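Colleague: Here is what each chain is made of, one letter per residue.
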Amino acid sequence: MTTATLHIGPNQAIRHGLALAGRSVIKIRKNPESLLDVTLQPIMFLLLFVYMFGGALKGSTSEYLQFLVPGLMVQNIAFASLGTGMALNADIGKGVFDRFRSMPIARSAPLVGAVLGDIVRFVITLVVLVGFAMILGFRVQTEPVRFLIAAGLMILFGLCLCWVSVWVGMLVKTPQAVPGTLLVFIFPLTFGSNVFVDSSTMPGWLRAWVDINPVTHLTEAGRGLLLGGDWTAHAGWAFVWALGIAAVFFPLALRAYRGRVG
Amino acid sequence: MSNAIEAEGLVKRFGDTVALDGVDLAVPKGKVLGVLGPNGAGKTTAVRVLATLLRADAGSARVCGFDVRTHATTVRGLIGLTGQYASLDEDLSGTENLVLIGKLLGLSRAQARVRAADLLAQFELTEAAGRAVKTYSGGMRRRADLAAGLVGRPEVLYLDEPTTGLDPHSRNEVWSTIRGLVELGVTVLLTTQYLEEADQLADLITVIDHGRVIATGTPDDLKRRTGGQTLQVRPTLARDVSTVAAILRDLTGEPHVDLETGLLTAPVDDPMLLSTLVRRLDDAGVTVDELALRLPSLDEVFLAMTGRTRTSEGSAA
Ligand SMILES: Nc1ncnc2c1ncn2[C@@H]1O[C@H](COP(=O)(O)OP(=O)(O)OP(=O)(O)O)[C@@H](O)[C@H]1O
Ligand SMILES: [Mg+2]
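Chains P and C are the protein sequences, given in the same order. Its first residue numbered 1, the first sequence is counted upward by one per residue in the UniProt record's numbering. Its first residue numbered 1, the second sequence is counted upward by one per residue in the UniProt record's numbering.
The set of hints was computed from the structure by calculation and includes no laboratory data. Please note that a few of the clues may not be correct.
Covered stretches of chain C, as calculated for chain P (at least 3 residues, CB under 8 Å) [unchecked claim]:
id, segment
1, 51-61
2, 75-85
3, 100-109
Below, simulated DSBU-like cross-link-like pairs (lysine-lysine); rule was C-alpha separation at most 35 Å, straight line [as the list claims (entries may be wrong)]:
id, chain 1, residue 1, chain 2, residue 2
4, C, 29, P, 27
5, C, 134, P, 173
6, C, 223, C, 134
7, P, 94, C, 31
8, C, 223, C, 29
9, P, 94, P, 30
10, P, 173, P, 30
11, P, 94, C, 223
12, P, 173, P, 27
13, P, 27, C, 223
14, P, 94, P, 27
15, P, 94, P, 173
16, C, 223, C, 31
17, P, 30, C, 134
Owing to the predicted nature of the structure, the values given are computational and were not obtained by experimental measurement. For every residue, glycine included, the Cβ atom is placed at its ideal position computed from N, Cα and C.
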């Protein structure tokens, strides 16, 4: 019997990634504690920012709440992506990764699986955030389908941002080093945006960054989709950014992974 | 293509440590190669190179004719691996682990479930199938790991210390599983700490020490090559022990006397000695219960070749 040489096509690679995403989901289900960050963070951010800034910035907390929620959705997604790199960094040293690597599956599959599995974390953080915001008085002012488009766009952005997290996770020694390193990216991205305040009062140099920041575009798109108004241009920019980030960091992450495991 | 596994001149360094220092290996299709060596000899490193998990610094290796470096994916499709350290997801149950592997190997969900259930039953893990692997005992883990390596019905199986930590019952189970696989034509590379295991299962044995192959051959070859055989005599009457000892001393050298069992053993290099011994015993009027010439055990071979017993750690010369 002769064996033909084996090659893995894109379809198979996607199947492998999905199977391993299933593994991530099982792990989340068995270890709900791993969801503490994505459930507590949105509640904390909401309470903190709405009641601290609301009066000063918009004159009333209820008005600020409407303004803030779309941007907080983006911010929570960005923070949730920290977990991907941490989890993978811890996971990769375990014997089960040897098993995956000794199997005829796509090299990237364990990483893709981890990232896809994090959709669950993104959905949960958005549900907790919007649910809690609604208790505080937030109302979506458009049709539900527009809310779903906003959520979908933000989750897509989160999936692309995850590759930065995976890349860092492959480079640092311990899981604990992931957030420390990654916050250098995440802070300018989320706070250097229009999530909390309008960019019109900012000095020119800062405004230059804020206006091109993908988080700004995504927030504007979210406001348009949830509160009414134009959103397509901003959504387009956010989409391009997301793909750009993935195009740069997916290969970097894969290379770092190869470098690490040989 | 008669060799399922072939390697020439494998070298692997970790910093200053030379884990493999020019290792050659060959396993004919359908045979079992036992790789023996003291702790740190390089057994696991060799397995990892042959399983495409590690890249050798020099040398080459092929599995069923495919280079482990240039045709890694093809090689991965041919092999099954049971590592020295259980490589299952601790959070997942036995079933979930095996189903995941099945799905990654292209089985449908239903097929993967059937395969997982079959293998778990074969390794007597049906009761624990639904429990997280982290709750398994050491022996259960080893068996689950072995099952995981078989999901894809590999042609070539690497078993890195497959029975370390197993009780005698489980060890026998694993041995008979391995024999069954060999009957199906599977080629096995087995590393082990147990010389008895190599003796039981292996068609060929390679002894590695300090990253070098120091001997290769069939178990009998190796036993013969380590020099002489051992003569065993057990007189019927305990009072004859000293008489027999005197005769042996005269013929070969100082015998080893086990007073409890009344067994005397002495090394011999001339098999013709046996007839002389029989005549001398006859002359002395001694009757014996046991009189045998046997090859040394692999333990003795191993000791002779590495200067170490298999249990002693480190790199004592
Ligand atoms: N990843 C690594 N980094 C550094 N050194 C390593 C690494 N892997 C193995 N070594 C070293 O290479 C040598 C061979 O190790 P290996 O694990 O192959 O031995 P072994 O024969 O399997 O031993 P054992 O019987 O204890 O399992 C040892 O000195 C070990 O310390
Ligand atoms: Mg080892």
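Colleague: Against this structure, judge whether each hint is valid.
Modeller: Now the hints, each set against the structure:
Beta-carbon proximity to chain P at under 8 Å applies to 5 residues in the segment 51-61 of chain C; the threshold of 3 is reached and the given coverage holds. With 7 residues carrying a beta carbon less than 8 Å from a beta carbon of chain P, the segment 75-85 of chain C meets the three-residue requirement, and the given coverage holds. Counting residues of the segment 100-109 of chain C whose beta-carbon sits less than 8 Å from any beta-carbon of chain P gives 6, enough to reach three: the coverage restraint holds. At most 35 Å may separate the alpha-carbon atoms for a hinted pair to count; residue 29 of chain C and residue 27 of chain P exceed this at roughly 40 Å.
Our distance criterion of 35 Å between C-alpha atoms is met by residue 134 of chain C and residue 173 of chain P, whose separation comes to about 24 Å. Proximity of residue 223 of chain C to residue 134 of chain C is assessed by CA-CA distance (about 41 Å); at most 35 Å being required, the pair is judged violated. Between residue 94 of chain P and residue 31 of chain C the alpha-carbon distance is near 31 Å, which keeps this suggested pair within the 35 Å criterion. Note on residue 223 of chain C and residue 29 of chain C: the hinted pairing holds, with a Cα-Cα distance of about 24 Å set against a maximum of 35 Å.
Among the hinted pairs, residue 94 of chain P with residue 30 of chain P is consistent with the structure: their alpha-carbon atoms are about 18 Å apart, no more than 35 Å. Straight-line distance between C-alpha atoms of residue 173 of chain P and residue 30 of chain P comes to about 26 Å, which keeps the hinted pair within the 35 Å bound. About 39 Å separates the Cα atoms of residue 94 of chain P and residue 223 of chain C, which puts this hinted pair outside 35 Å; it is violated. Only pairs whose Cα atoms come within 35 Å are accepted, and residue 173 of chain P paired with residue 27 of chain P is accepted, the gap being roughly 23 Å.
In summary, the hint linking residue 27 of chain P to residue 223 of chain C is not supported, as the alpha carbons are separated by about 51 Å, beyond the 35 Å threshold. The suggested pairing of residue 94 of chain P with residue 27 of chain P holds, with an alpha-carbon distance near 14 Å, which does not exceed 35 Å. Of the pairs offered as hints, the one joining residue 94 of chain P and residue 173 of chain P holds, with about 14 Å between alpha carbons and a cut-off of 35 Å not exceeded. Between the alpha carbons of residue 223 of chain C and residue 31 of chain C the distance comes to roughly 19 Å, so the proposed pair stays at or under 35 Å and holds.
For the proposed pair residue 30 of chain P and residue 134 of chain C, the alpha carbon gap of about 12 Å is at most 35 Å, so the pair holds.
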